[in-house]
Amino acid sequence: MSEASETDETRPGKFGEYGGQYVPEALMPAIEELTDAYQRYVLDNEDGFMDEFRQRLRDFGGRPIPLQRADRLSERYDREVYLKREDLLHGGAHKLNNALGQVLLAKYMGKERIVAETGAGQHGTATAMAAAHLDVPCEIYMGERDINRQRPNVFRMRLNGSEVNPVTTGRGTLKEAISETMRDWATNVEDTHYVIGSIVGPHPFPAMVRDFHSVISKEAKRQFDEQVGTQPDAVLACAGGGSNTMGAFAAFVPDESVGLYAVEAGGSSLTVDEEAGVAPNSASLSTGTEGVLHGARTKVLQDRDGQIMESHSVSSGLDYAGVGPELAHLVDTGRVHAVNVDDDAALTEFHRLSQLEGIIPALETAHAFAFLERDHESLGETVMVNVSGRGDKDLEAAIEETAKRDIDIAPDMSVFQGAMR
Amino acid sequence: MSRIPEAFADGPAFVPYLAAGDPNYEDSLRYVEALEAGGADVIELGLPFSEPIAEGPTIQSAVVRSLEGGMTPRRFFEFVEDLDVSVPLVCMTYYNLIYQFGEEEGPRPFVEKAAEVGLDGFVVPDLPAEEADPLRDACDEFDLDLIFIVAPTTKGERLQRIMSQVSGYVYVQARLGVTGAQADVSDQTTDSLSRLSAWDVPKAVGFGISSGDHAERIVAGGADGIIVGSALVDIVAQGHEAGDDPAEIARRLTDLSEELVAGAGRGFAQRVPKAERT
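Residue numbers (the UniProt record's numbering), protein chains in the order written: chain P, 1 to 421; chain E, 1 to 278.
Any given hint could turn out to be false.
Claimed, not checked - Computed footprint of chain P on chain E, listed as stretches where at least three residues anywhere in the stretch have a Cβ under 8 angstroms from a Cβ of chain P:
no., region
1, 39-51
2, 81-89
3, 99-108
4, 146-155
5, 172-180
6, 214-227
As the list claims (entries may be wrong) - Result set (EDC-like, lysine to aspartate or glutamate): computed pairs, CA atoms no more than 20 angstroms apart in a straight line:
no., chain 1, residue 1, chain 2, residue 2
7, P, K14, E, D143
8, E, K155, P, E256
9, E, K155, P, D191
10, P, K107, P, E17
11, P, K14, E, D133
12, P, K218, P, D51
13, P, K107, P, D184
14, P, K218, P, D44
15, P, K107, P, E144
16, E, K155, P, D47
17, P, K14, E, E131
18, E, K203, E, E6
19, P, K221, P, D233
20, P, K14, P, D303
21, P, K218, P, E256
22, E, K113, P, D305
23, E, K155, P, E33
24, E, K113, E, D140
25, E, K113, E, D143
26, E, K155, P, E32
27, P, K14, E, E130
28, E, K113, E, E130
By construction, these hints were calculated from the structure, which means they are not laboratory data.
Here a beta-carbon is modelled for each residue, glycine too, at the ideal position from N, C-alpha and C.
Hey, can you work out the whole structure from these sequences and the hints?
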């Protein structure tokens, strides 16, 4: 799989000045052990690890998944719009690529227990499924606030036999859940692997998670060759931590003719409330500054003292104050365009895609479509949007958020108000 | 050199920790001073960071109280200047706060300011030796110590790399996990101390020490000092929650400090013959 590493580190574990390993000493031996395992199993395919991973992605995960021409969006925007349908991957989101890879790697490493964190619940769900599939005990940390926002996913994790531990510190979202999972890992490091859910954290996680997800863009490149006969002019993907983003970009990075757009959550505003320590957005690529968070140097939302801000997005899957170090580097070098759209625009496109294409997207994914709606004229003749996940998990949030707004293409919300309770 | 080596020169050192500004600026000054009254040889002062990934629930809560009380890096330096203590002071914080301070990029402005207000060294739990060169350079420039944590899992080349960078004392983590008071102390400590015996730098053991008996056993086992955080932070937290008089809370901190110092002394007495030989 070394061909996946075209966007590789400028030196081991570093993407320019970003990346690195900023973790408590107790974790360093585990990080070194993991770095060694990443080299042997993922990069060198020792013991046929990558062969087994690809086989399980096919048989259990359902890959390859389609590259679909979106007929009505193509008509609306007067260009060729293609959808990479990661929402059709088993579990309903791209997250399984990484979760399956890491849980399998943990087995190859002889680890007996899995811990993971989750925000929207998609990574937790994927990890719980992979852990059940591969018969490894699994505990998942999730912010209390996110548990309340994402009940169906919590139930799915429990159905698959995982424990779900509520995190009550801070605001009870992904940032706190990551910190709590790191604490568990530091305590149980000898028999436990931490399945990090995005291209964040200390090396080798950003590179390894990218490699597991790079199947998205490798498949898409091949499908464009076979189905369209040309590569896309632009690839759009929503960006929170950045896992589906780097998955969709990785194989296209060397091809400078393909514009890469990381669409962040602009939330309700790009202006920061310094006094309250709150960023009403999750746009760390667009508005963040260089800092050290959760084991890596990257772009983070922080106040002038360096305290990490509470972030916000209508989509809990994007609600994170940091972003992967590789994306931060690619934005700095100009290869990736960091753009953002606000909550209102994302919610509107959630409705539009559902109506025009019969695909109910995750609220995360809806951000990419909101950027397409706004800026399609500058994106060239052929555009690919990575449909990172399906929106079933977001229906409760969508009812609540739609009812607060005047969205002309939304259904009559008065019918649903009572059903919310 | 800083004043830290002297603190270890005369028997086992007692190194207490409190989060600066917990639960508020004024009371916290008094609590830190109470540690010196109880016999502290070096005091570790926590500068709170919003994501304290190496801390357990007790110190996490202290961090939240301090941040909610308005603690910032600049306030922290004022706090150090306002303290009426004479023992060496070590700042314990996370790298992002050190890195972001001041106009110039990197850790130098923070270290310069720390030296100016009279701090003696740093413990930075999320800064491994591999990433520490810029901070090490700044510490050398201003004659401050950089203390590293050695975990039960730190062995071989990593141990060598850390021990070649450490100054002041080495923070020996008594067991795996995050900070927090424990009912007992771990056997992992003895193993760690024996691995470190070749290096001539004071070895202070922390994580889980909460009583004079713990202190006695740790020092009898060869530690040159004991680091106590959560057990002291608990006294602040419980007193604050119960609405107790800060003077009474300060007295409890002094009492526990005295108990720990006495325990460390008993432990040291058990190995005096060995100490005399060296």
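Hint numbers not upheld by this structure, sorted from lowest to highest: When the structure is compared with the hints, numbers 2, 6, 7, 8, 10, 15, 16, 20 and 28 turn out to be violated.
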